[in-house]
Amino acid sequence: MTDSVRIQEQDFSQDDEIAALKASSKRMGGIATFLGCARDFSEGRDVSEISFEAYGSMALVEMRKLREEAIAKFDLLDARIVHRVATVQAGDNIVFIAAGAAHRGPAFDACRWMIDELKQRVPIWKKEVTPEGESWVTQHP
Amino acid sequence: MIKILFFGPVADRVQTREMDIEYTDGMTLHDVTHKVGMLHPGALSIVSFIAINQEQVHDKQIALNDNDEIAFMAKFSGG
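As they're listed, the protein sequences go chains A and B.
Using the numbering used here, read the first sequence as starting at 2 and increasing by one per residue.
Using the numbering used here, read the second sequence as starting at 907 and increasing by one per residue.
Hints may be right or wrong, so weigh each one.
Keeping only pairs whose Cα atoms sit at most 27 Å apart, straight-line, the calculated DSS-like set for lysine-lysine is [to be verified]:
(1) K74/A x K128/A
(2) K23/A x K74/A
(3) K941/B x K981/B
(4) K966/B x K66/A
(5) K120/A x K966/B
(6) K74/A x K981/B
(7) K909/B x K128/A
(8) K981/B x K27/A
(9) K120/A x K981/B
(10) K128/A x K66/A
(11) K941/B x K66/A
(12) K966/B x K909/B
(13) K909/B x K66/A
(14) K128/A x K23/A
(15) K27/A x K909/B
Chain B is nowhere near these chain A residues, computed Cβ spacing over 10 Å in every case [to be verified]:
(16) V48
(17) A60
(18) V130
To be clear, the hints were calculated from the coordinates, so they are not data collected in a lab.
Glycine residues also receive a C-beta, built at the ideal position from the N, C-alpha and C atoms.
Given these sequences and hints, build the entire structure.
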C-alpha cells in the first residue's frame, strides 16, 4: 500500500487513493475528497502549462503534520494527501486530498481545512507558462 | 558549513539554488540573512518564510549550528 502522504512526479489514481482510505476502517461512513487540477486560464491570461517546485523534505514533513492535525482536530478515521511536483498541462491532476470520518460533516470540514492549510503551510511553488512568458504564482484564494 | 537553499521565485532572483557559508562560533540567523542580503540585494524582499533544518523560524537572533540547512522561501503557491 502507498503512503498516506506523498509528493510525486507521476499522476495519481483517485480510485486507488479512496480504496486505500476505505481499507483503513470499516467505521468510515463519509469520505470527502478534493481534487486540484490545472486550468488553462489564470488572471486574464491563457496558461499553457504549470510547473511545480517544492522544498521536498520540508513539504513532506508539513504535509504529514497537516494530516495528523486534521485527524485529531476533526476526529477522522483516516486521511490522505498527494501532491504532484511536475510540469502539468491544462486538465492534469495536481493535488488530491481525502478525509474519511464516521459521518459526512467532519469529512467535509476536514477536507476543506486540509487544502486551505496546505496552501498556507507547505513549501511548494507553481510557475505558470503563458504566451507572454513565465511567472511565479502568488497565492490564489 | 551552513547550507543555504533557495526555491522558486527566490532562486530565480539569486540565480542559484544553493550556496554554502562558512560557519563561525556564535553565528545567528540574522548574520546569514544579512550576508545573503549583501550578496543578492533585492532577493530578500520576496522572502516570506525562513526555515532552519525544515522547521520554520521567526526569530532572527536564533543561534545556528554547524551544518544547519537554511531555506529562504517566497509565499507558497501549491495546491
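Checked hints:
At most 27 Å may separate the alpha-carbon atoms for a hinted pair to count; K74/A and K128/A exceed this at roughly 32 Å. A distance of roughly 20 Å separates the Cα atoms of K23/A and K74/A; the hinted pair therefore holds under the 27 Å criterion. For the proposed pair K941/B and K981/B, the alpha carbon gap of about 21 Å is at most 27 Å, so the pair holds. Of the pairs offered as hints, the one joining K966/B and K66/A holds, with about 24 Å between alpha carbons and a cut-off of 27 Å not exceeded.
Proximity of K120/A to K966/B is assessed by CA-CA distance (about 24 Å); at most 27 Å being required, the pair is judged to hold. Proximity of K74/A to K981/B is assessed by CA-CA distance (about 25 Å); at most 27 Å being required, the pair is judged to hold. Between K909/B and K128/A the CA atoms are separated by roughly 25 Å; this keeps the pair inside 27 Å, and the hint holds. Taken as a hint, the K981/B and K27/A pair is broken in the structure, with Cα atoms around 39 Å apart against an allowance of 27 Å.
With a C-alpha separation of about 9 Å, the suggested pair K120/A and K981/B falls inside the 27 Å cut-off, and the hint holds. Distance hint between K128/A and K66/A is fulfilled; the C-alpha atoms sit about 25 Å from each other, no more than 27 Å. Pair hint K941/B plus K66/A does not hold up; C-alpha atoms about 32 Å apart against a cutoff of 27 Å. Note on K966/B and K909/B: the hinted pairing holds, with a Cα-Cα distance of about 17 Å set against a maximum of 27 Å.
A C-alpha spacing of about 24 Å is found between K909/B and K66/A, which places the hinted pair at or below 27 Å, so the restraint holds. At most 27 Å may separate the alpha-carbon atoms for a hinted pair to count; K128/A and K23/A exceed this at roughly 34 Å. At roughly 47 Å between alpha-carbon atoms, K27/A and K909/B are farther apart than 27 Å, so this suggested pair is violated. The claim that V48/A lies off the interface holds: its Cβ sits roughly 13 Å from the closest Cβ of chain B, which is beyond the 10 Å cut-off.
Separation of A60/A from chain B is inadequate, the least Cβ-Cβ distance of about 8 Å not exceeding the 10 Å criterion. For V130/A, the requirement that its beta carbon stay farther than 10 Å from each beta carbon of chain B is met, with the minimum near 14 Å.
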